[in-house]
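Novice: Heads up, the sequence shown is in the UniProt record's numbering, so the first residue is 1 and it goes up one at a time.
The set of hints was computed from the structure by calculation and includes no laboratory data. Accuracy of the hints is not assured; some may be wrong.
[As the list claims (entries may be wrong)] Heads up, simulated BS3-like pairs for lysine-lysine below, C-alpha to C-alpha not over 30 Å straight-line:
no., residue 1, residue 2
1, 44, 106
2, 44, 68
3, 106, 68
4, 131, 44
5, 106, 14
6, 53, 14
7, 131, 14
[As the list claims (entries may be wrong)] Label pairs and their calculated CB-CB ranges:
no., residue 1, residue 2, range
8, 72, 22, 18 to 26 Å
9, 124, 73, 32 to 40 Å
10, 29, 87, 27 to 35 Å
11, 130, 91, 23 to 31 Å
12, 116, 84, 41 to 49 Å
13, 7, 79, 44 to 52 Å
14, 80, 123, 37 to 45 Å
15, 85, 20, 35 to 43 Å
16, 7, 57, 20 to 28 Å
As the structure is a computational prediction, the values presented were derived from the model and not from experiment. We treat Cβ as the ideally placed atom computed from N, Cα and C, and that holds for glycine.
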Amino acid sequence: MELRDVSRLLYQIKLADQRVATAFENETGFSLTRYEMLMVVNEKGVCSQSEIKDAMNIDHAAVTRHLKILEDKGYVLRERNAANHREVFVRLTDDAARDLRSCEQKHDASNHLMSVLSEDEMAQLSALLEKLNQV
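Let the sequences and hints guide you as you build the complete structure.
Specialist: In structure tokens, the structure reads:
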């Protein structure tokens with residue numbers, strides 16, 4: 001594949017990412033990264049910032065930055081591990097749990113965000129993106 005073809009393909013991916021991320025934020029009220037972060041904490045219960053970093057495959061500074069915003073909005077509580085002051089534990093607040101449930105209900109009602117793709121196309125896209133993320 002020629003470099004120009006690769007460039008066009010990557011640019012299409014970038015544009016699709018921007019559109020879908022914006023639509024997701026408009027539908028849920030959360031950025032995609034912060035929603036994923038809240039879901040990681042929700043699924044793990046109390047967890048360390050390092051666990052979030054590993055689960056999301058993002059750097060520690062990004063985790064800290066997003067958690068600070070979520071903490072300021074009242075969605076997470078962070079506290080230092082008494083036995084290891086370098087480690088910070090994170091848990092969801094009741095407000096976060098309520099708003100995540102509300103997002104699910106809104107999504108179930110509308111479910112238009114990815115309705116342009118069939119279930120088979122979604123599975124194919126997921127497999128292709130996983131493959132690209134392993135490069």
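Novice: Against each hint, give a clear statement of whether it holds in the structure.
Specialist: Consistency of the hints with the structure:
1. Straight-line distance between C-alpha atoms of residue 44 and residue 106 comes to about 23 Å, which keeps the hinted pair within the 30 Å bound.
2. Distance restraint check for residue 44 and residue 68: the Cα-Cα separation of roughly 19 Å lies within the 30 Å cut-off, and the hinted pair is therefore satisfied.
3. Pair hint residue 106 plus residue 68 holds up; C-alpha atoms about 26 Å apart against a cutoff of 30 Å.
4. A hinted pair counts as satisfied when its Cα atoms are at most 30 Å apart, and residue 131 with residue 44 qualifies at roughly 26 Å.
5. A threshold of 30 Å between alpha carbons decides the hint, and for residue 106 with residue 14 the separation of about 26 Å falls inside it, so the pair holds.
6. Between residue 53 and residue 14, the direct Cα distance comes to roughly 23 Å. Compliance with the 30 Å bound is thereby established for this hinted pair.
7. Taking the CA atoms of residue 131 and residue 14, the gap is about 16 Å. The hint holds against a cut of 30 Å.
8. Under the hint 18 to 26 Å, the C-beta atoms of residue 72 and residue 22, about 22 Å apart, fit the expected range.
9. Between residue 124 and residue 73, the C-beta spacing of about 36 Å keeps the proposed range 32 to 40 Å intact.
10. Hint check: residue 29 to residue 87, Cβ distance near 30 Å, so the stated range 27 to 35 Å holds.
11. The hinted range of 23 to 31 Å is satisfied by residue 130 and residue 91, whose Cβ atoms lie roughly 29 Å apart.
12. Taken as a hint, the range 41 to 49 Å holds for the pair residue 116 and residue 84, whose Cβ atoms sit roughly 47 Å apart.
13. Between residue 7 and residue 79 the beta carbon distance is about 46 Å. The supplied range of 44 to 52 Å therefore holds.
14. A C-beta distance of roughly 42 Å is found between residue 80 and residue 123, which places it inside the suggested range of 37 to 45 Å.
15. Distance hint check for residue 85 and residue 20: the Cβ-Cβ separation is about 40 Å, which falls inside the suggested range of 35 to 43 Å.
16. Hint check: residue 7 to residue 57, Cβ distance near 25 Å, so the stated range 20 to 28 Å holds.
The structure fails none of the hints (numbered hints given earlier).
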